[in-house]
Each structure stands twice: as structure tokens, then as C-alpha cells.
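*Asks:* Here is how the chains run, residue by residue.
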Amino acid sequence: MKLFTSVHDVSDINALAAEALQLKQNPFAHQHLGKSKTLGLVFLNPSLRTRMSTQKAALNLGMNVMVLNIDKEGWALELQDGAIMNGGTVEHVREAAAVMGQYVDIIGVRSFPGLKDREEDYSEAIFNKFVQYCGVPVVSLESATRHPLQSLADLVTIQELKKTARPKVVLAWAPHIKALPQAVPNSFAEWMCKADIDFTIAHPAGYELNTDFTDGATITNDLNEALSGADFIYVKNWSAYEPYGKVLPGNEDWMLNNEKLKLSNNAKVMHCLPVRRNLELSDEILDGPNSVVVHEAGNRVWAAQAVLKQMLETL
Amino acid sequence: MKLFTSVHDVSDINALAAEALQLKQNPFAHQHLGKSKTLGLVFLNPSLRTRMSTQKAALNLGMNVMVLNIDKEGWALELQDGAIMNGGTVEHVREAAAVMGQYVDIIGVRSFPGLKDREEDYSEAIFNKFVQYCGVPVVSLESATRHPLQSLADLVTIQELKKTARPKVVLAWAPHIKALPQAVPNSFAEWMCKADIDFTIAHPAGYELNTDFTDGATITNDLNEALSGADFIYVKNWSAYEPYGKVLPGNEDWMLNNEKLKLSNNAKVMHCLPVRRNLELSDEILDGPNSVVVHEAGNRVWAAQAVLKQMLETL
Amino acid sequence: MKLFTSVHDVSDINALAAEALQLKQNPFAHQHLGKSKTLGLVFLNPSLRTRMSTQKAALNLGMNVMVLNIDKEGWALELQDGAIMNGGTVEHVREAAAVMGQYVDIIGVRSFPGLKDREEDYSEAIFNKFVQYCGVPVVSLESATRHPLQSLADLVTIQELKKTARPKVVLAWAPHIKALPQAVPNSFAEWMCKADIDFTIAHPAGYELNTDFTDGATITNDLNEALSGADFIYVKNWSAYEPYGKVLPGNEDWMLNNEKLKLSNNAKVMHCLPVRRNLELSDEILDGPNSVVVHEAGNRVWAAQAVLKQMLETL
Chain A
1 MKLFTSVHDV
11 SDINALAAEA
21 LQLKQNPFAH
31 QHLGKSKTLG
41 LVFLNPSLRT
51 RMSTQKAALN
61 LGMNVMVLNI
71 DKEGWALELQ
81 DGAIMNGGTV
91 EHVREAAAVM
101 GQYVDIIGVR
111 SFPGLKDREE
121 DYSEAIFNKF
131 VQYCGVPVVS
141 LESATRHPLQ
151 SLADLVTIQE
161 LKKTARPKVV
171 LAWAPHIKAL
181 PQAVPNSFAE
191 WMCKADIDFT
201 IAHPAGYELN
211 TDFTDGATIT
221 NDLNEALSGA
231 DFIYVKNWSA
241 YEPYGKVLPG
251 NEDWMLNNEK
261 LKLSNNAKVM
271 HCLPVRRNLE
281 LSDEILDGPN
291 SVVVHEAGNR
301 VWAAQAVLKQ
311 MLETL
Chain B
1 MKLFTSVHDV
11 SDINALAAEA
21 LQLKQNPFAH
31 QHLGKSKTLG
41 LVFLNPSLRT
51 RMSTQKAALN
61 LGMNVMVLNI
71 DKEGWALELQ
81 DGAIMNGGTV
91 EHVREAAAVM
101 GQYVDIIGVR
111 SFPGLKDREE
121 DYSEAIFNKF
131 VQYCGVPVVS
141 LESATRHPLQ
151 SLADLVTIQE
161 LKKTARPKVV
171 LAWAPHIKAL
181 PQAVPNSFAE
191 WMCKADIDFT
201 IAHPAGYELN
211 TDFTDGATIT
221 NDLNEALSGA
231 DFIYVKNWSA
241 YEPYGKVLPG
251 NEDWMLNNEK
261 LKLSNNAKVM
271 HCLPVRRNLE
281 LSDEILDGPN
291 SVVVHEAGNR
301 VWAAQAVLKQ
311 MLETL
Chain C
1 MKLFTSVHDV
11 SDINALAAEA
21 LQLKQNPFAH
31 QHLGKSKTLG
41 LVFLNPSLRT
51 RMSTQKAALN
61 LGMNVMVLNI
71 DKEGWALELQ
81 DGAIMNGGTV
91 EHVREAAAVM
101 GQYVDIIGVR
111 SFPGLKDREE
121 DYSEAIFNKF
131 VQYCGVPVVS
141 LESATRHPLQ
151 SLADLVTIQE
161 LKKTARPKVV
171 LAWAPHIKAL
181 PQAVPNSFAE
191 WMCKADIDFT
201 IAHPAGYELN
211 TDFTDGATIT
221 NDLNEALSGA
231 DFIYVKNWSA
241 YEPYGKVLPG
251 NEDWMLNNEK
261 LKLSNNAKVM
271 HCLPVRRNLE
281 LSDEILDGPN
291 SVVVHEAGNR
301 VWAAQAVLKQ
311 MLETL
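Those protein sequences? They're chains A, B and C, same order as listed. Here this note's numbering is used: position 312 in the first sequence is 312, and no number is missing along the way. Here this note's numbering is used: position 108 in the second sequence is 108, and no number is missing along the way. Here this note's numbering is used: position 31 in the third sequence is 31, and no number is missing along the way.
Warning: the hint list may mix true and false statements.
Which copy? The list can't say, so a pair holds if one copy fits it or any two copies do.
Only pairs whose alpha carbons sit at most 35 Å apart, straight line, appear in this in silico DSBU-like list of lysine-lysine [what the hints assert, rightly or not]: (1) 163 x 262; (2) 246 x 260; (3) 129 x 35; (4) 262 x 129; (5) 116 x 178; (6) 178 x 72; (7) 24 x 2; (8) 262 x 162; (9) 129 x 163.
Hints were generated in silico from the structure; no laboratory data involved.
Looking at chain A on its own, in the form it has when it is part of the complex (with noise of 0.2 Å):
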């Protein structure tokens, strides 16, 4: 593998997915692949769970990790092609991947959306220009409008706690106080639908996501509908794709709880993190019995040290 960047980077998803499980049974047993490579961890924007998850998932395979927070360590990165550069920008993304490259065997690169300007963000070209220029393999640590390892991880756990050979999992829509982008719920969404699973996406109306993403899936604006005999909820908000990245007012009524898990086959919570508590899902879900999402956070670290092997075969 040499670009993880979206479920189209993988030929068999549910073959990757036995393998982050195998993974988990053996961490260490591939420590020989990463001897003397080095992992490098761009982020452009905050990170938890990415962060150390991922560099866990290197240190596993015996690799070297250099994490730079650009945005704080380094400086403000230019990316439009032919810009002159007498700003606020201190260095290209032609100039800064290529040299990165140099530097480490993979690359792994955080960058948010701005949500300001769609084409912009969905062209994702700051993703393209670190695949283009750094001259090494490339994994998404979330871009403007995906967030693969997160979506593999998520596969990961539905396969592993699933009690049916083709689970019903919902992607419900929950409420936040800030715009987010859609970048968990398109990646989740795109996974899905190329899973084993009946799959279904509920949201408000208004918070129709791209359906470039959504291809297969069942598309409701009831929720207690959709929730019915589900056997996974994946709760997550967004932002509207149109209009882009605005919150829409209303809708406070669609945080999951107690009462509305009941409609549910009994089934497992799951979150990517960090979730507003009650707001997004109240405490008695988080607390409670059916929630899985600190082990599903813990299942970040197969899904990175599956995709960082891939990558390390192919070095």
C-alpha cells in the first residue's frame, strides 16, 4: 500500500480489517519490518487519539516517530501554485512535503477543513499537494472531508463485537454547538457501504450529506425509524454540505439516550471522540452498559498498525 487515504486506497476492506484483529492478538510480532524506518506525523490541527494511536501502532512495528506540530513548531504553509510570496506564508507545501520526504519512510498529515469554501475544502489540495510532492507513501490522519483510519478502526470493532453475520448500523445524526465537518460521517459513510452490513444514515433534513459518499446507503429523516432493530448506532454530528458548514437551528431533540436506545435491537454505541456529553449523547448511554467507544478508540491502534504494515511491505 502507498496511499491511505480513502476506502478506494484499499482492495479488500474486510481482509484489512482481519488483519488489524490478528494484529491485536500479536502487537509485537512484526517488529523487524519497521527497523530503522521512521514514521513522520504532520498536524496541521489538534489531535488525541490520532496522534497516539498512531504513533503506538508505529512504535509496535519497531519504527522511529517524529511528530511535528507545523502549525506551532514550523510556520504557516502556502498552497496555491504560483502564489508570490510576500504574506503572512513563510514556505511552500511544494517545498515542505518534498523535504519531509527526505526526512522519514511514511508520512502521516492532519488538515482540517476551513468550512468556508466547499469546492476549496472537497478538492482537498493541501492532501493532494503532501501525496504529490513528498515522494513517499502517504496516510490520511484526517483531511477536509475524510478520515480513513478512523473508518477502519470503526470496521474493525463493528466486525469484532458483531453477534449477526450482517448487522444492521445506523449513522445517526447528533447535535453540537460548532460547525464540524463532515469528514468522519462521509468516510464512515463510505466504508459502510462497501461492508457487509445494512447500513443506514438518519439527519435532520437539511444535513444531507454528499452523495458521493452515500451510495447504497438507506437515507431517512426519522430517526426512531432508523433506529429500529439496529444493532450499531454511530452517533456524530456535521455541519450542512449545503448550505456549507452551517448549523442549522432546531433539532437539540436527536442527542441519543436511554429512551431512544430502547428502540434499538439491544445495540452497541459507538462515537470516533471527543463527544460532547449531553449534547451529543447523554451520560447514561456513555456510562452505561452499551456504549463501546473507548474500545473502539483503543481499536485505532490496529487499524494504523495494519495500514503502517501494508506500507512497510511495499518500502
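Use these hints to put chains B and C onto chain A, whose structure you have.
*Replies:* Chains B and C only, in chain A's frame:
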């Protein structure tokens, strides 16, 4: 050892100090213990000595280390149970701690007090929540009310440098322009009260420490009397416990200088650092033959290594 | 080697450059040297290339690395001897440096000039205090007036790519909107003056460098004349030495472009990066066949590794 947050977590402080001194003689003898084990260091506040010495200790034991400046690289944590998280906090400490525990084998946490609300600070809310939810052994890197790795290094330093079986040790308050926590003096006092020494605390009236930490100490407002015959003088500023977190006017003459040092038994002068020169301690002391502050800082490695070693042995 | 702060610390620059090129062929041959040894990298200013390349060099040698962004993760250092520290500085560099020396085997320090007070900057106060008090070998990661790891990498690049025994190398001033330090051009000049090359410095009137660094160079205000027959053009902006730290009006036509490049002997174009595109260097140059800026940045690893190797050999 599963927890290192105060002297009460240690069954035999002399044995632990002795182990630290053995590690100083042979730093790399236990690298097998840390193989494929990871230490996570979580900082909610700045750090130099604790950050570097604890990393070094872990590396000496063959561990991997992941550092997270959660205030800068992550986001604001919610501490209040039951909070409706519609404000500035992004993640509840329940999730943050539990998730970190998925990625590391031992967690170190630094969290300073706010110095506004004494009850809140002395409840050690954030610290106790980390311990409660992370699911792995926890080392204090300084909490609101204690700094046990510092105190152990201080005990190690006294054991190493003492010239009599039962030296006289004086904790001497010193002036400062800012309101500083009581963590270092609290912690030093509770360790010294359990050590084989003659322990005196000297401070101006109004700077009484919480008596939970000082049981067995001689306490005086007369610095000169305290210094008489002292073998070790531990200089440190702290703000008042009552009224909480306040700096009282006056007392500039409590700065230790050579003239005062003459009253002692040619005492070694200690300080946890960082030290304000010519405010807490004069240049002549810090640059003179009696200062052991750098040596003491060096011993932070062996203190941390002894604690981490005992934790690794129980994993 | 105990100190690497300028060309004067190196007995034979050609031998050191040759060693760097040998390490490039065989990066992991000396991992025993760094076993259980720790490099501390202390940044008082941002860094990308130096940060990553020096870490990579240390990892190649089997060392552990601890990075400290003291300005962000620590606190403000006091530099003035005799200061009464009742202001904003939290720790004197005497203690900070001495303490860090307790935790690491080699220290790298980055500290930029203030560009306000020439005498202060050129005294290298903070740098010299680190050297004086830390007690371990010190590598400059760029100081107020020099950047020797960059200069060594530049020499390595010239040795590696030259097509004649004694190439003509031109240091060519270029425009910028900010006042930049003289560290890179000073350092490049003093290394080139000792190398087996024909060295010319071209800059507009008013940008004369301190003559301590330029002894033996041909110096001209005529860029076209300088470029004639050049084999390597090293493009770099710097602010004036007199009046200190100022950007003089005009000189925008000093940007290197393909038209000017034609005057040269099909020269390789170098730059230490970060580079302002279309201000210092045109896109056509940076994206064209003559640019070696990324290759040059890659050589930073081997320069740092050669220096660290020589230091490890004398520990």
C-alpha cells in the same frame, strides 16, 4: 506499585531511595523490563525537569515514551460530572483518560492548581479522575497539592550527601513575586516527616501549610533559629493556604544569602527549580560551593526510574 | 568533537564532508555508538528541517532524542548575569542549561537573534551560556550569527554535485519582505572561504556582511558579473548589518530567475529553505532542472550525522 501520587503510595521510602541510588550506579541494567512498554506523559502545564528526567528514566528502562501537551496539542478537558458540554470544553476527562489508557502502559500526569478555590484544588479532582478512568498505573508529574517525584529526588539527594546519620533539614520559605502552589512544600514536608531526619519548617506568619502534611515537623517563624545547625536548607516559596493562594506583603528579607547560611552547619542548599535568582536565593549561594540544586535536579532521573521500575514489575 | 558552533570548531572541513557522504551510503552502520545515549534538542524558535534532520541523524546512530520547545513547553529564560529576577523570566539560563546537561549526552540549541541590538546578537550570549553551563557537547541548531549544520550540508552538496575540481560558487542576496538574520550567509561565507572553491558574494550596496566571515571572498554589487561562469548559486536574503537588522528599499530585481540563470555555467541553484517563491526565487527556477534545494535539504541528515558521530566518539 500501581500508583505514585503521594508518600502514602510507598511502603518503604528508604528502600525506594536506595533503589534510586542503585539505578544511578547502573542505569541500563533493567532495559528488558520496559521492552515494548510505553509511557504516556500528559502535560496540562509547562515542564522542563519533570518532562526531561521522566523521559530519560523511561528510556533508561527501555520504554517508549509518548508526550502529549494536551493544553496545546489537544483541547480543553471537562472535569465536571453531569455537565452539559455546550461551552468551551471539548472532551470530558472520563473519555480522555480512558482512551489514553488504551494506548500506554503507564501514564504520568501534570496538573497545577488554579489557586482560586482551595477546596477544589485540594480535592485533586482532575488527578483523581485520571486515576479513576485511565485503567493503567499513574505517576504524578506534580498535581495541585503534591510533587512526589520531586520529593523522592530530594530524599535521594539527602541520603546521598548527608554526613551524619540523622541530619537536620530545614524547609525555608523564600520570597517570590507570583502566587505559587503549595505542592512542593506540602510534598517535601510529608516525605521528610517520614524520613530519618530532624525536620524543621520555617516561614513568616501567615504561610502555615495544611497540617495534614506537617505532622511531626518543628514549625517556626524564626528563620535564624531554624537555620542554626542545619545540614540541609530546602529553599522554596509558596503562597498562603489561608487566605488561599495569596502573597502577603513584606518578608523580602527571607531570601537566603551567605550571611544567613553562616548560621547553619555549612548546610547544603537545595531548591526544586526553577529558582528566581536574587529573589529566592542570592547569586552567591547558587554559584557557591554549598548549592546542590543542579545535582538535586539530576537525581530526578533516578527517582523517576525507581518508581517506573516498580510499576513495570507489577504490570 | 566537543563543540560544533562554527567552522572554527572543525579541524578539516573536507574530511568532515567526506564522512557525511560515507554515512549517506551506509546510514545505520554506527548504531552501537548511540546506544543508550540521548540527544536533547532545545528550540527557542521554530524549526522544520533542522528539527527533523537532526532527529533522523540521531536515530540513524541509535540515539534516543528528546525535543524541548522551551518557548512553548517551558518558560522564558533569564540571560543577564546578576539580574534580580522579579520580572517575566522564570529561570536563569545557568540553571536551565546545567540541568538539561544532567539529562542528555549531547545538546542541540536553536536561538535566533533579536535583530535590535547588534552587539548583543553578535556576542551570542545565550548560546555561549549554554556551552558554558550545560557540561556536555553542544551542537548549534542555528544561533544568532551562524548556522553551521546548514553550511556543512551545503559543502556536502557542493562536493557531491560539482563537475570541476574547483567550482565557482556565488552567494547571491535575494529580496524578502521581512528582516532576516545574517546567520546563514555569515556561516555559508566562512565555510566557503575555507573550501576548495572560487567564492563570490553578490549583494546590493548596503548589505555588506561582517568582514569577520568573508575573508578571502570576492565581493561585488553586480549580480550579473557574479553569476557569469558560476557553477553553484546560493540564493539567500539577509538584512543589513549596518544599519543593523534593516531592510533597505528597492532591489526587487535581485530575485533569481531563468534569465539571470542563463548568465551562469548552467549552475545548480541552492537555498537553505524556507524560500519565498517568486520573491527570492522564481517558480521556474524552483520547479526547473537546476534547483537542488530539496536534495540539499536531504543532505542536512548526513551533515548532522557526521557531527553527532564525531561527538559520540569522544564521549
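*Asks:* Hints first: check each against the structure and report whether it holds.
*Replies:* How the hints compare with the structure:
1. 163 x 262: This pair counts as within: shortest intra-copy Cα distance 18 Å, inter-copy 71 Å.
2. 246 x 260: Within. Shortest intra-copy distance 26 Å satisfies the 35 Å Cα cut-off; inter-copy 50 Å does not.
3. 129 x 35: within (28 Å within a copy, 37 Å between copies)
4. 262 x 129: For residue 262 and residue 129, only the inter-copy Cα distance (30 Å) is at most 35 Å; the intra-copy one is 47 Å.
5. 116 x 178: both (14 Å within a copy, 30 Å between copies)
6. 178 x 72: So residue 178 and residue 72 pass the 35 Å test inside a copy (23 Å) and across (20 Å) alike.
7. 24 x 2: both (23 Å within a copy, 24 Å between copies)
8. 262 x 162: within (18 Å within a copy, 68 Å between copies)
9. 129 x 163: Between copies, since 33 Å is at most 35 Å while 42 Å is not.
Violated hints: none; the structure is consistent with every hint.
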